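Put together the whole structure using the sequences plus the hints.
Which chain is which? The protein sequence lines are A and B, in order. Using this note's numbering, read the first sequence as starting at 2 and increasing by one per residue. Using this note's numbering, read the second sequence as starting at 29 and increasing by one per residue.
By construction, these hints were calculated from the structure, which means they are not laboratory data. Treat the hints with care, since some could be wrong.
[Said to hold, decoys possible] Simulated pairs of lysine-lysine, DSBU-like, Cα-Cα distance not exceeding 35 angstroms:
| no. | chain 1 | residue 1 | chain 2 | residue 2 |
| --- | --- | --- | --- | --- |
| 1 | A | Lys104 | B | Lys98 |
| 2 | A | Lys58 | B | Lys98 |
| 3 | A | Lys58 | A | Lys104 |
| 4 | A | Lys14 | A | Lys58 |
| 5 | A | Lys104 | B | Lys84 |
| 6 | B | Lys87 | A | Lys104 |
[Stated by the list, open to error] To be clear about the criterion: a stretch of chain A counts as covered by chain B if any three or more of its residues have a C-beta under 8 angstroms from a C-beta of chain B, and this derived list gives those stretches:
| no. | stretch |
| --- | --- |
| 7 | 43-49 |
| 8 | 103-116 |
[Unchecked claim] On the chain B side, residues computed to face chain A include the following (Cβ under 8 angstroms):
| no. | residue |
| --- | --- |
| 9 | Pro71 |
| 10 | Leu73 |
| 11 | Leu116 |
| 12 | Gly129 |
This structure is a prediction, so every number in the text was calculated from the model and none was measured. Glycine included, each C-beta is placed from N, C-alpha and C at the ideal position.
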Amino acid sequence: KAGVTQTPRYLIKTRGQQVTLSCSPISGHRSVSWYQQTPGQGLQFLFEYFSETQRNKGNFPGRFSGRQFSNSRSEMNVSTLELGDSALYLCASSLVAAGRNEKLFFGSGTQLSVL
Amino acid sequence: TQLLEQSPQFLSIQEGENLTVYCNSSSVFSSLQWYRQEPGEGPVLLVTVVTGGEVKKLKRLTFQFGDARKDSSLHITAAQTGDTGLYLCAPAAGNKLTFGGGTRVLVKP
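Here it is, written out as structure tokens:
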């Protein structure tokens, strides 16, 4: 079956703009988690959505937001982009709500560059 | 605040050599996952360990969960170039995974 699909693969924006990233989970998976990966900070948890509800949220400013649709597809939005938002944004899906033994399936990510 | 440390940060070895990477924390975990991430891709789950003292083997990879469930190690025997990647540990506390900074492994032919 198809894996987790993230679009676009690469994105270049300028400071102050906003951006929307998309994630299509594996068919049947109801949980989608978003992570930001940078060389300096590693993989940091942004938020998790399960059945269209935000279940968990990481320590990121309110400029970072997300949502999940009834078909489990998810989007994340970053408003008023800053240079420090340049990162690889990864989406992961799981069958049920992400937890201690739940297997996460990651997409290939969206590489965002803010100029 | 939970401190999670992976060591070493970078490891470069020749094909055929053995290597061990570590994941240490000040906190007790209910379980721990290991992922490998290859360049340009997302992480892929290798194993989940749940019980203190547990040892799991996946072909040439051996994973160990510390007795106190505060640390874990990954040992690779006779490394191959295909083992090159970023190895991430992800302990679970409650219903959230936290990823370590990772160990970047380069296996040279």
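Cross-check of the supplied hints:
1. A:Lys104 with B:Lys98: Status holds; Cα separation ~20 angstroms.
2. A:Lys58 with B:Lys98: Roughly 24 angstroms separates the two Cα atoms, so the pair holds.
3. A:Lys58 with A:Lys104: Distance ~19 angstroms between Lys58 of chain A and Lys104 of chain A Cα, so the pair holds.
4. A:Lys14 with A:Lys58: holds, 25 angstroms
5. A:Lys104 with B:Lys84: Distance of about 16 angstroms is within 35 angstroms: holds.
6. B:Lys87 with A:Lys104: holds, 20 angstroms
7. 43-49: holds (count 5)
8. 103-116: Per the Cβ count (7), the hint holds.
9. Pro71: With Cβ-Cβ at 5 angstroms, under 8 angstroms, it holds.
10. Leu73: Hint on Leu73 of chain B: holds, closest Cβ of chain A at ~5 angstroms, below 8 angstroms.
11. Leu116: holds, 7 angstroms
12. Gly129: holds, 4 angstroms
In terms of the numbered hints stated before, the structure departs from none.
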